[in-house]
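The sequence shown: position 68 = 79 (the numbering used here), numbered continuously.
Among the hints, a few may not be true.
[Claimed, not checked] Taking lysine-lysine pairs in the DSSO-like style, the calculated list, with each CA pair at most 30 Å apart, reads:
{"#": "1", "residue 1": "Lys-163", "residue 2": "Lys-145"}
{"#": "2", "residue 1": "Lys-121", "residue 2": "Lys-145"}
{"#": "3", "residue 1": "Lys-149", "residue 2": "Lys-131"}
{"#": "4", "residue 1": "Lys-121", "residue 2": "Lys-153"}
{"#": "5", "residue 1": "Lys-153", "residue 2": "Lys-182"}
{"#": "6", "residue 1": "Lys-153", "residue 2": "Lys-26"}
{"#": "7", "residue 1": "Lys-39", "residue 2": "Lys-121"}
Because the hints were derived from the structure by calculation, they are not lab data. All values derive from a computational prediction rather than experimental measurement.
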Amino acid sequence: MDKIQLREVKEEDWKAIHSYASIEDVCKYQPWGPNTEEESKAYVRDIIEDALVEPRIRYAYSIVENETVIGVCELSIRDRTNERGEIAYILHPDRWGLGFATEAARALLKFSFQELGLHKVSATCNPENSGSKKVLNKLGMKQEGVLRDDLKMRDGWRDSLLFSILEREWKKH
């Protein structure tokens, strides 16, 4: 596919990130947002600082289409001993439904298994987020269950669906 590139987040990316992180519809399944400019700048600063931590546990990348940042995807190492990671992704709504989230997440899985040698990668999503569920299914991830009252939202608690894929399953997919 290769419609996008992933690269390290740069300080100037905050404007592009803010362009979607400030939209109510983008944030409806998130415990944050809509962001103020300062919150988007702080998010980018945190990503840049976390990239310098050794050993690195957070790999956050700008999703770039035609030299324009359209989203961010992340891999977090959750457990080094048991070789587990977790992925996440978010895109500008103008780019939803075009395969960009799937392509970015697929690249994160490849990096997770081939470069970092992880055994298992998981992801969570709001049970009402049909778009994210489709992405996780396309990746060959299996739904393991429901994490009850997993995230504190602006209007109360929400459940999360838990998906995962093992290295051996990824190799076959």
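Quick one, are Lys-39 and Lys-121 close enough, alpha carbons at most 30 Å? holds, 29 Å
Would the pair Lys-153 and Lys-182 pass a check requiring their Cα atoms to be no farther apart than 30 Å? Holds: Lys-153 and Lys-182 sit about 14 Å apart, inside 30 Å.
Would you mind confirming whether the straight-line C-alpha gap from Lys-163 to Lys-145 stays at or under 30 Å? The hint holds at about 24 Å.
30 Å Cα cutoff - pair Lys-121, Lys-153: holds, 17 Å
Holds or violated: are the alpha carbons of Lys-153 and Lys-26 at most 30 Å from each other? violated, 35 Å
Could you grab the alpha-carbon distance between Lys-149 and Lys-131 and see if it respects the 30 Å cut-off? holds, 17 Å
Restraint check for Lys-121 with Lys-145, where alpha carbons must lie at most 30 Å apart: Answer holds: Lys-121 to Lys-145 is near 19 Å, not above 30 Å.
When the structure is compared with the earlier hints, a violation turns up for hint 6 alone.
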